[in-house]
Amino acid sequence: MNNFVQTMKPRIRSARESMYLLARNKLSLAALILLLLLAAAAVLAPAIIPYPEDLADAAHTDISLQPPSAEHLMGTDELGRDIFSRVIYGSRVSLTAALAAVGLSLLIGVPLGAVAGSFGGWVDNVIMRITDVFLSFPPLLLAIAMVVVLGSSLNNAVLAIALSWWPWYTRLIRGQAISMKERKFVQAAETIGTGRMKIIFRHIIPNCISPVIVQASMDIGGVILTVASLSFLSLGAQLPTPEWGLMISMGRRFFPDSWWYCIFPGLAIFITVLCFNLLGDAIREILDPKTRKN
Amino acid sequence: MAYFEIHDLRITHRSFAGTKTVLEIGRLAIERGETYGLVGESGQGKTVLALAIQQLLRCPPGRIESGSILLDGTDLLKLSPKQMQRTVRGSRIAMIFQDPMSCLNPVFTVGTIMTDVLRTRRKGLSKDQIRQEALGLLEEVKLADGESVMRKYPHQLSGGQRQRVIIALALACGAEFLIADEPTRNLDVTIQASILKLLKELQQKHNMTVLFIANNLSLVTAFCDRVGILYGGKIIEENTAAGLAEHPREDYTKVLIDAVRADARKAEPAASGETLLKVEHLKKYFDINDELRRQKHLTLKAVDDVSFELKKGDVLGIVGESGCGKSTLVNTILNLFEPTEGKVFFEGADVFGEGRKGGNAFKKNVQIVFQDPYWSLNPRWLIKDIVAEPMDVYEKPGEAERLKRVEELLEMVGIPADACYKYPHEFSGGQRQRIAIARSLASNPKLVVLDEPTSSIDVFSQAQILALIKDLRRRFQLTNILISHDLGVVHELANQIAIMYLGKIVEFGPAEEVFRRPCHPYTRALFDSIPTLTTRGMDGLKTLEGQIPSPINPPPGCAFHQRCPYACPDCARETPQPVDLGGGRAVSCLRWKELEETLGNESAGDETASPEK
Numbered sequence: 634m635n636n637f638v639q640t641m642k643p644r645i646r647s648a649r650e651s652m653y654l655l656a657r658n659k660l661s662l663a664a665l666i667l668l669l670l671l672a673a674a675a676v677l678a679p680a681i682i683p684y685p686e687d688l689a690d691a692a693h694t695d696i697s698l699q700p701p702s703a704e705h706l707m708g709t710d711e712l713g714r715d716i717f718s719r720v721i722y723g724s725r726v727s728l729t730a731a732l733a734a735v736g737l738s739l740l741i742g743v744p745l746g747a748v749a750g751s752f753g754g755w756v757d758n759v760i761m762r763i764t765d766v767f768l769s770f771p772p773l774l775l776a777i778a779m780v781v782v783l784g785s786s787l788n789n790a791v792l793a794i795a796l797s798w799w800p801w802y803t804r805l806i807r808g809q810a811i812s813m814k815e816r817k818f819v820q821a822a823e824t825i826g827t828g829r830m831k832i833i834f835r836h837i838i839p840n841c842i843s844p845v846i847v848q849a850s851m852d853i854g855g856v857i858l859t860v861a862s863l864s865f866l867s868l869g870a871q872l873p874t875p876e877w878g879l880m881i882s883m884g885r886r887f888f889p890d891s892w893w894y895c896i897f898p899g900l901a902i903f904i905t906v907l908c909f910n911l912l913g914d915a916i917r918e919i920l921d922p923k924t925r926k927n
Numbered sequence: 006m007a008y009f010e011i012h013d014l015r016i017t018h019r020s021f022a023g024t025k026t027v028l029e030i031g032r033l034a035i036e037r038g039e040t041y042g043l044v045g046e047s048g049q050g051k052t053v054l055a056l057a058i059q060q061l062l063r064c065p066p067g068r069i070e071s072g073s074i075l076l077d078g079t080d081l082l083k084l085s086p087k088q089m090q091r092t093v094r095g096s097r098i099a100m101i102f103q104d105p106m107s108c109l110n111p112v113f114t115v116g117t118i119m120t121d122v123l124r125t126r127r128k129g130l131s132k133d134q135i136r137q138e139a140l141g142l143l144e145e146v147k148l149a150d151g152e153s154v155m156r157k158y159p160h161q162l163s164g165g166q167r168q169r170v171i172i173a174l175a176l177a178c179g180a181e182f183l184i185a186d187e188p189t190r191n192l193d194v195t196i197q198a199s200i201l202k203l204l205k206e207l208q209q210k211h212n213m214t215v216l217f218i219a220n221n222l223s224l225v226t227a228f229c230d231r232v233g234i235l236y237g238g239k240i241i242e243e244n245t246a247a248g249l250a251e252h253p254r255e256d257y258t259k260v261l262i263d264a265v266r267a268d269a270r271k272a273e274p275a276a277s278g279e280t281l282l283k284v285e286h287l288k289k290y291f292d293i294n295d296e297l298r299r300q301k302h303l304t305l306k307a308v309d310d311v312s313f314e315l316k317k318g319d320v321l322g323i324v325g326e327s328g329c330g331k332s333t334l335v336n337t338i339l340n341l342f343e344p345t346e347g348k349v350f351f352e353g354a355d356v357f358g359e360g361r362k363g364g365n366a367f368k369k370n371v372q373i374v375f376q377d378p379y380w381s382l383n384p385r386w387l388i389k390d391i392v393a394e395p396m397d398v399y400e401k402p403g404e405a406e407r408l409k410r411v412e413e414l415l416e417m418v419g420i421p422a423d424a425c426y427k428y429p430h431e432f433s434g435g436q437r438q439r440i441a442i443a444r445s446l447a448s449n450p451k452l453v454v455l456d457e458p459t460s461s462i463d464v465f466s467q468a469q470i471l472a473l474i475k476d477l478r479r480r481f482q483l484t485n486i487l488i489s490h491d492l493g494v495v496h497e498l499a500n501q502i503a504i505m506y507l508g509k510i511v512e513f514g515p516a517e518e519v520f521r522r523p524c525h526p527y528t529r530a531l532f533d534s535i536p537t538l539t540t541r542g543m544d545g546l547k548t549l550e551g552q553i554p555s556p557i558n559p560p561p562g563c564a565f566h567q568r569c570p571y572a573c574p575d576c577a578r579e580t581p582q583p584v585d586l587g588g589g590r591a592v593s594c595l596r597w598k599e600l601e602e603t604l605g606n607e608s609a610g611d612e613t614a615s616p617e618k
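Keeping their order, the protein sequence lines are chains C and U. According to the working numbering, the first sequence holds residues 634 to 927 in order. According to the working numbering, the second sequence holds residues 6 to 618 in order.
Calculated directly from the structure, the hints in this document are not laboratory data. A portion of the hints provided could be inaccurate.
In silico DSS-like pairs for lysine-lysine, Cα to Cα no more than 30 Å straight-line [to be verified]:
1. U:K25 with U:K427
2. U:K25 with C:K817
3. U:K598 with U:K316
4. U:K316 with C:K817
Okay, the calculated beta carbon distance ranges per label pair [unchecked claim]:
5. U:R15 with C:L900: 48 to 58 Å
6. U:R15 with C:L662: 27 to 37 Å
7. C:A663 with U:F481: 28 to 38 Å
8. C:E815 with U:Q582: 46 to 56 Å
9. C:S651 with U:T245: 47 to 57 Å
10. U:N110 with C:S651: 29 to 39 Å
11. C:G736 with U:D355: 45 to 55 Å
12. C:G828 with U:I557: 29 to 39 Å
13. U:G403 with C:G828: 12 to 22 Å
14. U:F342 with C:G828: 48 to 58 Å
15. U:G403 with C:K831: 11 to 21 Å
Here the structure is a predicted model, which is why all the values come from computation and not from measurement. Positions of the beta carbon are idealized from the N, C-alpha and C atoms, including for glycine.
All chains should be built: construct the whole structure from the sequences, respecting the hints.
Okay, structure coming up:
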């Protein structure tokens, strides 16, 4: 136990340093706070939304398409459902979908890239040619094609996005791994006799993960957009799930008269994506050893 | 009033930790035509000064608090950046940087770079005149075949050639004050001597004033008229070169001098134990397919037919210029590269012939300490895991046992046990090198390879690391292979020495013998091109002309004959085989006997030839 505390101490120290660096940039601090709020909203959604029954197929046609008011902060949709409740709950849908998609692509892409970069030779060739095939389709089209084959649902959309997204991480980490392979500590591990897989997973991957983390945090924004796009095309989340893209898709029929129907889910997408991009920049700054040094 | 003066200069640097004074110079005066040497280790403010003089210091975080820098009566700190650019920097002051690669734009040819500078500095010249001028300058810096150099890109030139181009550029500007910031740091010793000679010659010819910045005391005392020692941002001692070398006042200066003095050293006697490592006709060729130029199947002979034997307790120093194959040789012996031909026996067992299991036993017994302590430790691991890595592979001890052994190892190399829970970046270069040494001992190896163990840490720590290595060797009865271009380090540690040139061992023997009586012309040249504390001026240094030939297309016959001052026509035809001189010595030279008779021990006998850093 004592050992565990000792081991954690330097990690906490470096986490505190990261927070210090993050707090220096007001914009990224704001982005982080907003994202934390969003995450809190996503976790606590069932408890904080005013009209939980509106998440499903409830219909209050008497109050359909009401403009924003004190009772309905973002107005109501054509079935009289509270848009505020649906947007808040939508953060849960979007965030989980995006995290799952990016996480899944990392899980596929990172080990493949590290193996390709560290082994080189024919292993590298086989892995990279496969990624090249994937990279030669526009990711959105590839995802659409896969959803069409798998059937439209949010889970399938996530899977399709992950399958069209991983080659980017493979490419990124392969380049890093190639340069990391030449580092002396990897050569030292080789002379020591450390096993090949251990070298890849304990020496190479931890040292080339930084740019991937930056890329992934920026990609979360992009994936949220893709999930929304697929849902907009009714290939992702299905009615009545309160998904942002799906809501915009439904609301566009009532635009611009009932502008709130489209605008508020749109704003939610916009702010979330912006925050993730800002956070990505901030993480880049924290992970850059040059800013770390002073 | 002197030509160049600094009064009460104070420069600070701001960071999280607060504001720190990095440079504080009360008075510094350099007369016209003088060579002033500034010596100090990294982080003592040398480069800050060089940059401040040219208004190139980045502010913030730097800040010039007070003082004046006078060049011929003009205060450079009062000039606007525009005036500085137009009238001083690049026209009256020129700078030669450490790394000649990064200050030549890689996308332009040398010709373009030169004519560009000439066009802006000498207005009104025609295209043809500029070209002639550029050729003249290249000739002045002794670059043979200026026409072809002009057509080349910087990466096609060697380090020495690039530095010559930079000097030519400084001449093109018509600079009268030259700041040389460790101009020879990345060059080999034989090239270093010729560059310094050239600088001295041009300085006298053009009556230039030179501020020479270096971290090597013997280099500075040989090259400069007066020397200042920079420590903690202050000039703590200033004297003529001879005065400083003979009567240092400050303790710090004495440490610097001790670090480069050779007479205190005594090479160890050869061991007489059983054979531990035997290398037989080892060859490592790399295939290069240059399809772009349609020259397929070129072979780079990095290691070409090397044989030697190492006894238990021996320390073999492998010396040679960069690119001579010393690292490839060791990496091949360590089984990191597949050998092209030849055999290596470790304790009588064939290293390459064994299966995977046998190979692991070999790996356990042979460890390596790398040159660069910044990248030889995984930056994301805790020190305890780094040091324990060999144990985890071979013994897999329990957590408590593992920690205990790590603490013991750390204590042995002089690192406190609480270092276990720290990351490598929390340690200095010297401390990291100690940690790397601790790791290399964790599997109780028999042979430890030291790849330039002290070349990237500062002078203070160097001496301590060398002492530590010596001490550990005695305690564990280790056998070492030491790779170094620093003859001082080799002299201090090694009892056997191998001089390599272009993939071959040209001379081999007990260290004491080789240092006392070098036989191969290349060994002589190597020893003679290194300045010592007693060298005054550049005339005492012998230089090797010409570049190291490419190992892709080595010259026929003796690989050294193109640069050898004693080469005869036979040398170009016949490849010399190692000649056994008895007493474990061997030399690969056709004329070694004649040379010994005509030259005698002249180079070896006198003081200047004793090897130093």
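**Asked** Is the straight-line distance between the alpha-carbon of K316 of chain U and that of K817 of chain C 30 Å or less?
**Response** Measuring from Cα to Cα gives roughly 28 Å; hence the hint holds.
**Prompt:** Does 29 to 39 Å hold as the CB distance between G828 of chain C and I557 of chain U, or does it fail?
**Reply:** The hinted range 29 to 39 Å holds for G828 of chain C and I557 of chain U, with Cβ atoms some 35 Å apart.
**Item:** Outcome for the supplied range 29 to 39 Å, where the beta carbon pair is N110 of chain U and S651 of chain C
**Value:** Roughly 37 Å apart at Cβ, these two residues keep to the hinted range, so it holds.
**Prompt:** Could one say that the CB atoms of R15 of chain U and L900 of chain C fall in the range 48 to 58 Å?
**Reply:** 54 Å, holds
**Prompt:** F342 of chain U and G828 of chain C, beta-carbon distance inside 48 to 58 Å?
**Reply:** 19 Å, violated
**Message:** For the hint 28 to 38 Å, verify it against the beta carbon of A663 of chain C and that of F481 of chain U.
**Reply:** 58 Å, violated
**Request:** Confirm or reject the claim that E815 of chain C and Q582 of chain U have a C-beta distance inside 46 to 56 Å.
**Result:** 36 Å, violated
**Prompt:** Has the hinted range 27 to 37 Å been met by the Cβ atoms of R15 of chain U and L662 of chain C?
**Reply:** 36 Å, holds
**Prompt:** Are G403 of chain U and K831 of chain C spaced within 11 to 21 Å by their CB atoms?
**Reply:** Holds, since G403 of chain U and K831 of chain C (Cβ atoms, about 19 Å apart) stay within the stated range.
**Asked** Does the Cβ-Cβ separation between G736 of chain C and D355 of chain U fall within 45 to 55 Å?
**Response** For G736 of chain C and D355 of chain U the Cβ distance comes to about 49 Å; the hint holds.
**Item:** Agreement of K598 of chain U and K316 of chain U with the hint, judged by alpha carbon distance not exceeding 30 Å
**Value:** 28 Å, holds
**Prompt:** Taking only the CA atoms, is the gap from K25 of chain U to K427 of chain U under or equal to 30 Å?
**Reply:** With Cα atoms ~26 Å apart, K25 of chain U and K427 of chain U stay inside 30 Å; holds.
Of the numbered hints listed earlier, those contradicted by the structure are 2, 7, 8 and 14.
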